[in-house]
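*Asks:* Since the structure of chain A is already known, use the hints to place chains B, C and D on it.
Sequence order for the protein chains is A, B, C and D. In terms of the working numbering, the first sequence opens at residue 1 and continues consecutively. In terms of the working numbering, the second sequence opens at residue 1001 and continues consecutively. In terms of the working numbering, the third sequence opens at residue 2001 and continues consecutively. In terms of the working numbering, the fourth sequence opens at residue 3001 and continues consecutively.
It cannot be assumed that every hint is accurate.
[As the list claims (entries may be wrong)] Straight-line distance between alpha carbons at most 30 Å, and here's what the computed DSSO-like set of lysine-lysine pairs gives: (1) C:K2530 x C:K2423; (2) B:K1076 x C:K2530; (3) A:K171 x A:K97; (4) B:K1076 x D:K3089; (5) A:K107 x A:K97; (6) A:K97 x A:K112.
[Said to hold, decoys possible] Label-pair distances were calculated between CB atoms; the ranges are: (7) A:F28 x B:R1104: 28 to 38 Å; (8) D:H3125 x A:G245: 38 to 48 Å; (9) B:V1060 x C:T2048: 44 to 54 Å.
Hints are computed from structural coordinates only; laboratory data are not their basis. Only a predicted model underlies this, so the values are computations on that prediction, with no experimental measurement involved. The C-beta atom is built at its ideal place from N, Cα and C for all residues, glycine as well.
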Amino acid sequence: MDALDFFPEAASTQATSTDFILFVLIGFTGIVVLSVLSLLVIFSIRFRRHSAVRRDDPPEWMKRDLEIGWSSAGLFLALFLAWWTSATELSALIAPKNALEIHVVAKQWMWKVQHQNGAREINVLHVPVDEPVRLIMTSQDVIHSFFVPEFRMKQDVLPGRDTRTWFQATKTGTFHLFCTQLCGTEHARMTGEVVVMSGPDFAHWLTSQPVSDDLTREGEALFRSLGCSGCHDAASRVQAPALAGFFGSEVRLANGTSVTGSDELLRDIVLHPREHSVAGYPSVMPSYAGIVGDEELLRISRYIHSLSPSPEGKQP
Amino acid sequence: MTGLEATATTSARGDRFRSIWRRNLVVWLALDLLVFATLGLAYLPLGYFNIAIALTIAGVKIVLVAIWFMELRLAKPFTQLASTIGFVWLLVMFSLTFSDFMTR
Amino acid sequence: MSGATILVRPLTPVPESGNYLTAGRTIWSWLTSTDHKRIAILYAISITVFFFIGAAAIAVIRFELLTPTGQYISDDTYNKLFTLHGVVMVWFFLIPSIPNTFGNFLLPLMIGAPDVAFPRLNLFSWYLNIAGGLFTLYAVIAGGVDTGWTFYTPFSTMFSNSHVLAAAAGVFVAGFSSIATGVNFIATIHMLRTEGMSWMRLPLFVWSLYATSLVLILATPVLAVTLLLIVAERWLGLPIFDPAHGGDPLLFQHLFWFYSHPAVYIMILPAMGVVTEVITCFARRRVFGYDFMVYALVAIAGIGFFVWGHHMFVSGQSPYASLVFSFLSFVVAVPSAIKVFNWTATLYRGSISFEAPMLYALGFIGLFTIGGSTGLFLASIPVDIQVHDTYFVIAHFHYIMVGGSVSAFFAALHYWWPKITGKLYDEAWARFAAILMFFGFNFTFFPQFVLGYLGNPRRYHVYPPQFQVFHVMSSTGASVLAAAYLLPPIYLIWSMRWGRAAGDNPWGATGLEWRTSSPPPLHNFLNPPKVEQQPYAYHPEGRGPVPGSRTPYRTQDQPS
Amino acid sequence: MSEAAGALREPWHSLSRQREAAAFGIWLFLASELLFFGGMLLCYAVCRYSHPQGFLEAARQTNIVFGTVNTLTLLTSSFCMAIASEAGKSGLRRLAIGGLAGTLMLGFVFLVIKGLEYRDDISQHLVPGAHFALPQLGAQLFFSLYWMMTGVHALHLTVGMIIIARLVLVGIRRELPLTSPEIQVTALYWHLVDIIWIILYPLLYLGGRA
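Bound conformation, chain A alone:
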């Protein structure tokens, strides 16, 4: 048996800042709780039924001042805490641009992980230390939740939608991965581990994986086999939007709205092209709902990313 743990290891940048907030909250609430509890005890003893103490009324103004005093003190404390924790949260909202992107697909009851070079793992996630990692997650069935306590990180994983989160591990080692959203029979067994390795170790591990195919290349193959290339290829004569630079660009839709190119939009277009037909083009694209699954979409997305004129981010 290990020594008794009363506090989880802090193994990410987020963990440190969350713990700090926790300690501040414990400090503030501890003062309040302890003073209430000690006053309860002190009053109970001092003003017990047969004790000989003063019992006349405190003056009315004192009652009023006290009441207003602790009401406003409570309010200001609440407002301060709300502002401060929210500010901390806001500053950590956006993942750094250079974050390593890893795709996670959850299903009853396992975690499937795919790295950018195509390396796959199940119920294990290998990541390098001291490097921001962005997770792009989706579920094939019910809602799951990706939770690594040592990173103070948790994000629900939804069907039909991508959710994302990010972390930067600060310690090497093996950490717990839990599903925290009730997802059926083996919910409690939908666990795994996150292995944090040093940068060189991770690079070595990654290259030594039996890589079936590069995600981008797989995506390109799908792009052709599904027939997307027939219209959307740069060389095609059919009038269809070119996809280079799709991500991050403004896309004007036929219904008058304007949206930003993203994985969500790509999914919407592929599965429900009629509702998302692009302004200025005939609405002729067939729906791929039921044909293209989440994992295929990921690959196509990577391929379209690779068409971008100035490939940014980490491309292995």
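*Replies:* Chains B, C and D alone, transformed into the frame defined by chain A:
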């Protein structure tokens, strides 16, 4: 507050009879008019204004029904308050839920 | 129990025709009674049955959790057991617990009314509650439900193979029982206050029932319709939340928590009312800051509707919406804090005695303060991300619902038992049970705070071995708690037969309910009482209580 | 006055107080009912916000003739109900019973038309599922909500009709004192059912017509 119930003479009954008919008939005609108005306006291509107009007219109809048919104008103040609280809470539900959907 | 003399005579000497208990002795006379006091007893019986059903489920769960390997029961059985525990405890014990038993019994008595505004509706609401309970029990007997009490889609509508429909139908029906009760209480408080009982003379328990009823009628229908939509999607195949058809599971969560967060206030507001009554009585002092206590109750009920999104910080909800909800969740803590401070201040310069109800009430303040403060951790987004859906949350809401509501339920049970039955229970046993319950509770749930921050997810019966020690502590505490819960039924039932007669006002309290006989006659008061006083006139204004005295300065119907 | 005594119930001492309480109670219940429908309205709003095209496309498929006629029918029934309620309070027995009977009949007409409309909808494959007629994303959501909202509304209407039928029956037999608050309470409920339909009409029938 008194439990007195009106015992009316025949002519007074006739007056009551007529006033009940007259008052409610006017409200009913106004409501019908609003139905035809909203129906007609729905066929004009006004974009987002279509739904806005339709819901505004619906709101007017609701107010008419509540004040005249449901006799809110005669109700006690706390009954009038009770009649609005459902709408206020609906507003809370809508605005806070949309604070999520509109900022995703 | 000191046999203090009651100087004031009850308004209504017990008529020879007897009291509400003896007004009819057949079971049929109980099942068809529209007397609010009898309906309260019906509720008391049914919620006690449900309480022990829910408790049996958790007993198996705590036993299973002694080992980390999940060896005693199957995965499915475990999921069904905690669902059973949640559904039964939330909807068939906690929600109706204080309002429908003590609220029903005392509300008309406290405002000097002969009954509630709609007595037949009151009885009907009990039958609805029972019908809902039977549906739910059917779901259990037929094989159970494994969705958790939260019924999250798409699991509940498309993937679960258990009896979701029956359980949802049960909760749906019980919901209308809640609405009927809420309507009844609000109408009663508005329309049936006796002469002189102005709004600012209402006992705070009545105010708490008013606030609770507001939440009941405004939140419960949303739960009902949400469950109806679940049934539509699962049974009729009408897609509403299904992402494959463009629906959004988060929409379900918004609707669900629009009810289920305020539902927490349905459970805790009446508890606050009870504790106020008890504290002021046994401290022999007027409630500190009566008007602030009223505003705080109403504020909690109101603001409680604006904070539901804090259940959804990691759900994929927009981060900006999360910020709004986080802010509002911090704000709702303020009125609760005001209440805690006022209870504490009520003790100041009191003349405090420690009968069983007071022990429960003091325990309530302590546990509620801890539970409430840990709510701030859940309102803060970064910390919530860590502890969401872990044992921290379990510990937090049990501190509120069990440490808070159930403690207050027992406080109420002991405080008003003499009024309800006319008998006194054994004080020594009652004090022992109260103390045992307090310690058992803390042993059970305090370790779970640590367990939660360490990262043990809830709804896990298989867990990493390093968490075992906390689970063993918790299970040990739970057995102490179970023993404490088994004591009151024994000595209370014993008292019904062998207990001493209580007299009309054994605690020397000021409320109108103590001004009629114990147990009260069929229509509560032979003559409607006239209210002349603020509630809680335990001592003259300016001068404090007389040390050692059990006699109130003025009851509510005595002129100054 | 003997009639008033017949209408008085426990725990009330005066009929006007009882009437006030009944009206107040039913208004509270109506607030509750509004939130009940509000849950579905919220679903409608959110889904329409996410799929504006699909919703307009789907709304175009509902039967506007049936919808409009039903709106007028229900408004007229409310008119009859308002007359019945006021007449009851004024002691105009025949007018009160006539109003109630008119309401009942128009409620029945509403249900018949609704039934015809449902039959049309079914034959046009507007029931969500494998054979659903419209390909647009969101159209199935619209029709799920269409069936649920109109279905629950029709259920409320039916409950109202049962209560009214009872009032007519005991009214004709002179078992019900005209002064009984029951008539006003039923009227308020019936008007709420009407108000719900006033909200549903533009949402379900008027979209996508332009």
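*Asks:* Now look at each hint and say whether the structure bears it out.
*Replies:* Taking the hints in turn, this is what the structure says about them:
Note on K2530 (chain C) and K2423 (chain C): the hinted pairing holds, with a Cα-Cα distance of about 27 Å set against a maximum of 30 Å. Our distance criterion of 30 Å between C-alpha atoms is met by K1076 (chain B) and K2530 (chain C), whose separation comes to about 24 Å. Proximity of K171 (chain A) to K97 (chain A) is assessed by CA-CA distance (about 21 Å); at most 30 Å being required, the pair is judged to hold. A C-alpha spacing of about 17 Å is found between K1076 (chain B) and K3089 (chain D), which places the hinted pair at or below 30 Å, so the restraint holds.
With a C-alpha separation of about 28 Å, the suggested pairing of K107 (chain A) with K97 (chain A) holds against the 30 Å cut-off. A hinted pair counts as satisfied when its Cα atoms are at most 30 Å apart, and K97 (chain A) with K112 (chain A) qualifies at roughly 24 Å. One distance hint, 28 to 38 Å for the beta-carbon pair F28 (chain A) and R1104 (chain B), holds here, with the actual separation near 32 Å. In this structure the supplied range 38 to 48 Å holds for H3125 (chain D) paired with G245 (chain A), their Cβ-Cβ distance being about 41 Å.
The hinted window of 44 to 54 Å between V1060 (chain B) and T2048 (chain C) holds, with their beta carbons roughly 52 Å apart.
In summary, this structure violates none of the numbered hints.
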